[in-house]
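> Sequence:
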Amino acid sequence: MGAAATEAYTGDAVGIAPTSEGVHLRSGFQKLAGTVTDQGLILISTVAPARDLRLTASAFGRGNSLNVLSLRGTVTSDDATARFIRPALTEEYSVSVDGVRQDFILDTRPAGDGELLVHLALQGAVATQGLEGTVLTMDGSGRELAYGRLLVTDAIGQQLMAVMDVVDEHEIVIRVHDASATYPIRIDPTFSDANWVSMNSGLPGANGLVQAIAIDSNGDLYIGGTFTFVGNVPANQIAKWDGTSWSALGVGVAWGVQPGTVSSLLANGTDIYVGGTFTTAGGITVNHIAKWDGANWSALGSGLNGQQALAMAWMGSELIVGGGFLSAGGVANTSRLAKWNGTTWSSLGVGTTDSNVQALLVDGTDLYVAGGFTTLVGFPANRIAKWDGSTWSSLGTGMNGQVLSLAKNGTDLYAGGGFTTAGGT
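For the sequence shown, my numbering assigns the number 151 to the initial residue and increments by one for each residue that follows.
Simulated from the structure, these hints should not be mistaken for laboratory data. Where a beta carbon is used, it is the ideal one built from N, C-alpha and C, also for glycine. A hint or two may mislead.
Claimed, not checked - Pairwise CB distance ranges (calculated):
| hint | residue 1 | residue 2 | range |
| --- | --- | --- | --- |
| 1 | Arg-336 | Ser-540 | 20 to 28 Å |
| 2 | Thr-394 | Phe-529 | 31 to 39 Å |
| 3 | Ile-365 | Pro-199 | 42 to 50 Å |
| 4 | Tyr-333 | Leu-476 | 15 to 23 Å |
| 5 | Thr-524 | Asp-229 | 32 to 40 Å |
| 6 | Gly-400 | Gly-165 | 38 to 46 Å |
| 7 | Gln-273 | Pro-530 | 46 to 54 Å |
Construct the entire structure; sequences and hints are all you get.
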């Protein structure tokens, strides 16, 4: 809702403007303002007097091998974005009705093994762990800001698993699983009022992103994403609308002690298959994919090992799953693409893809698979390929960038995504 509302809004409560001190930010709906200086962002509350808040990246790296960032940098801006630029890391700031967005952009992969760590230093507030991200309590006023809606993507649009942890009251660390990432990567949290809930003139809004929708055979609508409330109903990342009211699906999904993310939904009768970044559903271990039968959650074997399920489709009686996972049910040759027959996982032919599967489409006995990969089952297949039930084939020379969606109309196949050429055209 926020992006659409910001685009439609024509007043002066939201915007950015250069000043003699740097770049001024206005987020009037959240009662926030800020200035980007050569020492980063200074954020102020325009209600309830409080100390200025500063939250900037202080170091990044892996484990104990951290690159400490300079305290000063260069400030630039355009009509929509302000930037605080330091060697190896750039902070970008933009504003909307939803708040002040702070992006951390890392150009190159830091050396070493293990997860990427980005340490943030906080002044003028106290950080505590929230249900989704971090709560910042401003010094002097006690006003609470939400710092969350964390989204991490790489250069080909792949979403990376990430969490935000509070180290102490003045330090936050963002942990990113970047083993499969193509750099540069963008780490994207947002400042907003802790009591802000998205508005909607129709259905009561969710307090986070909605990333997937499905409708079951009864006509009930299911939504999944990163929210924890829909309207005034607690619902952890997934909820149902029956035409009159919202309801939760048990206790929803979670990633360990952190909130999970639902990235894909697929209905089969009244059963709802759910994919994303989570390890439990309804309190049981499921590992990134699960089934809701209208009353209870259940696992699909041992689930997926690695990152999330991003796309699902039915091919006959088998569930096809694509995403960023390394294997399904521990079965060989199921990296990023696998099928579930109701009892066991298996591969589609042999071999693996070299990047995420983002979209699936079934047309009769043919399965179209698309994403960021350049090879599939051992032969070149630039971001798109077809499986006829026994063999794979490429679709010409494919695309020069990631494919995110597929649709069919008669004999014509349509693809959308981050590419600029298809088949060389």
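> Hint by hint, note whether the structure agrees.
Here is how each hint holds up against the structure:
For the pair Arg-336 and Ser-540, the supplied restraint of 20 to 28 Å is violated, since their beta-carbon distance comes to about 40 Å. Distance hint check for Thr-394 and Phe-529: the Cβ-Cβ separation is about 52 Å, which falls outside the suggested range of 31 to 39 Å. Restraint check, Ile-365 to Pro-199: a C-beta distance of roughly 49 Å satisfies the suggested window 42 to 50 Å. The hint said 15 to 23 Å for the Cβ distance between Tyr-333 and Leu-476, and at roughly 20 Å that hint holds.
At about 35 Å, the beta-carbon gap between Thr-524 and Asp-229 stays in the expected band of 32 to 40 Å. Restraint check, Gly-400 to Gly-165: a C-beta distance of roughly 43 Å satisfies the suggested window 38 to 46 Å. Between Gln-273 and Pro-530 the Cβ separation comes to about 52 Å, which falls inside the hinted range of 46 to 54 Å.
Checked against the numbered hints above, the structure violates hints 1, 2; every other hint is satisfied.
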